[in-house]
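Trainee: Chains as they are written, first to last, in this note's numbering: chain A, -13 to 310; chain B, 399 to 686; chain C, 82 to 671.
By construction, these hints were calculated from the structure, which means they are not laboratory data.
Heads up, a few of these hints could be off.
Stated by the list, open to error - Each pair of labels, with its calculated beta carbon distance range: (1) A/49 x C/252: 47 to 53 Å; (2) A/202 x C/613: 53 to 59 Å; (3) A/297 x C/401: 56 to 62 Å; (4) C/400 x B/581: 31 to 37 Å; (5) C/145 x A/247: 51 to 57 Å.
No residue lacks a Cβ here, since even glycine has one placed at the ideal position from N, Cα and C.
Letter by letter, the chains look like this.
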Amino acid sequence: MTDSIESPDLQRRSGLTRLKEGTYGGFFAACAVVTLLTTIAIIATLLSDAVVFFSEVPIRQFLTSTNWSPNPAGGGQAFGIIPLVIGTLTVTITAAFIALPVGTLTAIYLSEYATPNARSILKPLLEVLAGIPTVVYGYFALVYVTPALKAMLFPEMSTFNALSASLMVGIMTIPMVSSISEDAMSAVPDDLRQAGYGLGATKFEVSTGIVVPASISGIASSYILAVSRAIGETMIVVVAMGAQARMPPVQEAVFGIPFVNPADVLIDSGMTITVAMVQIAGSDLTGGTLPYDAMFALGLTLFVVTLVMNVLSDIIAERYREEY
Amino acid sequence: MSNTETGTETEAETERQTSDSLITTDVETGSNGRATASERTAVAARDVDVYYGDEQAIDGVSMEIPEKRVVALIGPSGCGKSTFLRCINRMNDMIDVCRVEGDIEFGGKNVYDGDVDPVALRRKIGMVFQEPNPFPKSIRDNVAYGLKIQKFDGDVDARVEESLKSAALWDEVNDKLDSSGLDLSGGQQQRLCIARAIAPDPEVILMDEPTSALDPIAASKIEDLIDDLAEEYTVIIVTHNMQQAARISDRTAVFLTGGQLVEYDDTTTIFEDPEHDRVEDYITGKFG
Amino acid sequence: MATDNTATTAFGEVSRVRGIVFEYLSFGASVFGIFALAVLLIYVTIDAFDLANANPLWLLTYFITLVVPFLGFCLYSARDPAVTRRALVAAGGGLVAIAAVFTAIEAFVGQIPRLNWPLAYLFVVIIPLTGYLTYVGAQGRAGSVGFGLIGRLLGGTAIGLAFTVLFLVFDARLWFLVYTLGVVPAVLAYGYGRIRSVPTAQTAAVPVAIGGLFVAVFLRPVVDTYPTTVFIYLWTLAVPVAVAGGFVVNARGSRTAALAAAGGPLAVATGVGLLGQPLGLGVGGPNALLVVAVAGVPTAVYLHRVADVGEGVTGLGLPVLLVAGALAGALLVESFGLPAPDPWLNGSFVTEAPSRNAREAGLYPAIVGSVIIIAMVAALSFVLGVATSVFLEEYTADSGIVGALTRMVQINIANLAAIPSVVYGLLGLAVFANLIGFGFGTAVTASLTLSLLILPITIISAQEAIRSVPDDLRRGSDAMGATRWQTTKNVVLPEAFPGILTGTILALGRAIGETAPLIMIGAATTVFSAPTSLFSRFSAMPMQIYAWADFPQAEFRYGVVAAGVITLLIILIGMNGTAILLRNRAEGEN
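Next comes chain A alone, as it looks inside the complex (with noise of 0.2 Å):
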């Protein structure tokens, strides 16, 4: 045995062949490419304008004034985010007191308790609550919400107000807790429960003893996320929330200690950072005037927030990754 078998063709192909491989690998990367010019154009565009708005109005002011009308009918413009933060935050503390412990209740019941058929009827139905347009929750908000809060709760309620507009947000963002915090939850090994049992420790004593600290940086990262989805939730508050930029009212308790009755805020309209973009979109969008730059400068602020937040999430989240 000294021959070989003719040598075949194994050549590599060239012309049309490799032309259309090469083309269709080509086409799917300038698609990839697509989402990252997404991104460069967003940074872009926000700087662009966002450094117009603030060679007029300087960074400290627009960070520490108090006082935000961009409209120039009365009383002369001014640009202090400040009010704007206040009503940002507002909304997002109160939907985070619904959202967190009832997603994370939600995520327990879920991984722990919930049988097969059960889950597999509640997970779907959770992700309605996220799959309803915003602008749907608004109007609940406006229409069902208020009123009955009003009839029942606060006869001094506003039309306009954060407290109905933050219980939607709240419930817009529990699946969102829940179904991350349900997969870290479920990622807990067996081994985990199992060893907790042999203890003679309850099912009680095992979810909220063991797993849920087994899984607290998938549960913390949820948390981030829906933070910061409800810092940048629009639609809800734009229809129900009002558009009044306002300072809290500071009452002077004993000894003269400036206090917010968190009640007064909650019950009055107010103004968050998406509504007031909104608003100028509402009256002015030719572009090269003062509120219309200011947008950009708030949708900057925004965008820095949420890609802070949405970072840090997954930097915690790749941690508890690493766990297993």
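Once you have looked at the hints, place chains B and C on chain A.
Mentor: What follows is chains B and C alone, placed relative to chain A:
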């Protein structure tokens, strides 16, 4: 294209140098009695090393695989026999961390040369996997798949029929060519995969433990089939089943841990009178 | 102590009270959001259909003529005594329970606004029961046939209507030229190549189509005689749909059946299209032709298949049952002179333009705007999403430029998904509206913006679908000497397609409800006539709802907006339901 003659000369040299892989040149008959007047080499490996990252999976393997024979690669699991098989049609290219050194010649051409297109190579070397993996398409489309991607312009239906007959499946499926390949039983699926592999008429067929996922009856059908396939094709089969290797192969290569080819000889020699004690221990079941 | 085997209580008992309380608490939390949403949806439904003013006898009439026969059909299809027993217990027990609870609440707590016990019974018992029985019934042969038929009728009609809407802004005559000169020759070339095994003819299809497109664009201003719209629709849409249907039937059955399944609906469609108006049928013209053809052919194909299989043929009576029930109900209501509610969501609401007068207000221009925007978003995000996910999943490498690009794109996608939608609105405003100059609030600007917005979702779900294709198949194809593109095209994409489609439809559901980016790019809150070009100002359903929600009048707040919300939700449910059906079907096949 490199010259066949010079290729063979270096081959002979390497042969003398590698003490581990003794190749008896005067093979008269294979264990299955296939006439072996003049043997030509289909695939030749020379000092092949394979690394996964820093880990070495194959260590200096050299062997020649004769045309139209069944060659079995056996050895304990993790010995690198599957890795070696996948080097022949460059399926290891798909694994990023995998690095191959040395030459593997197919028809006198080193398949790791820069100008070799792995896709063109795989069109000449068919492969059958451990788990039957028919495409979720009709039986006809499964067999015609290779023809389709190679833009075969002859009579596709005739070739499908011929391949299914060669794979001993025609009688079972000729009335349901349009039903899904997934509707077949495991053994039938594996024969469908063999039909798929031989339809484009490759030179060599690689089989990676083709019967390990099948029941004994289905497996024996595949074994009979392999015997028939050797009339026309070179078959290189990885198996963990020593009886199988003994039954169907003309030559057997024993890989032991560390990715070394310890012994490569006629199957009868390997099973009756192996040169190395470790091989004998392995064959007789003392380890592995 | 060790010898005392009988006294099990010697171990003592660990209190489970906390655990039980916690379990119920967490269960309560799980249903809290769902419950709140359900209550709100009940109210908005009551408002949209004016059910608060519905006479209980009116409700009862339709309950008996429409709902009871439908539930009976479902039970007949399920053929499971246990289900029947359960349904009867739920319906009967529910009635007693709701009446009791409701009376108690009214007696001790107070009046519940706009809700009475028949309505509560309807929403709390009958609707969930109907949902459950529909699900169970669909598992039976008759039910699956009946629902399949209704699905094809409704789905076909919806798609036909969507086509007619698209032709409001896309030039039907240009389409006629493109179709005649590009699509038909390309399909013929491909088909010839396929049947005769001539690969060159198959490859020629794409250049032929592109060439035809160019010729058509060139000829459009030159040629000035065109067939009427009826004939354009007939030739470019009804005929190909019928031919495709005919091929499907032919592959399964006889040539005669194929001719009947294709020709029957086509003849009816042509008849309605050409003669509907002259004969005074109330419907007619090109749109009627299109809708009848697009709904009729799949229905005919389906009928043939059911007849062919021969199982559950009784299910075909379901549409008849429902129509007859509705007619009987209407007849009874009429003859007893029962006062009917005056729903805000009715035929004229979806066919009329907005108005200052609540009773005349309609959603038509906004629906048209939404359909056009969504159609373009679907095309754009599908192509971009599939291509990107193929790149990320099939063309990846761990190292080198491609590897770096892959990683960057992957991280970037996760971040893009977290950017608030208003910010995308700013992008659309600055880039598409101002910089490129597509204009404020045009359909083009809107659909580009929304496509980018849902792109991360589309990509992530398409990636999941592609990843779920077993690696075995890829390796099988690679080992046959398939190039990467051949493996992707022949093995990966066909397997992943249902999953990709499902993900895309779900993402489109997100796009159809988005409002904030539309406000940012200056979409009109209210337009009074349907748009006529892609560059005219658009409204969309959520924009119109946003505008109406601001109106102070109660008729708008509780009537018109509710009708708009329900319309939007019905479309959403339709889309998501289709997506889920597709997914279940694909899962069932494997």
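Trainee: Look at each hint and say if it fits the structure.
Mentor: We went through each hint and held it up to the structure:
no. : hint                      : result
1   : A/49 x C/252: 47 to 53 Å  : 52 Å, holds
2   : A/202 x C/613: 53 to 59 Å : 57 Å, holds
3   : A/297 x C/401: 56 to 62 Å : 59 Å, holds
4   : C/400 x B/581: 31 to 37 Å : 34 Å, holds
5   : C/145 x A/247: 51 to 57 Å : 56 Å, holds
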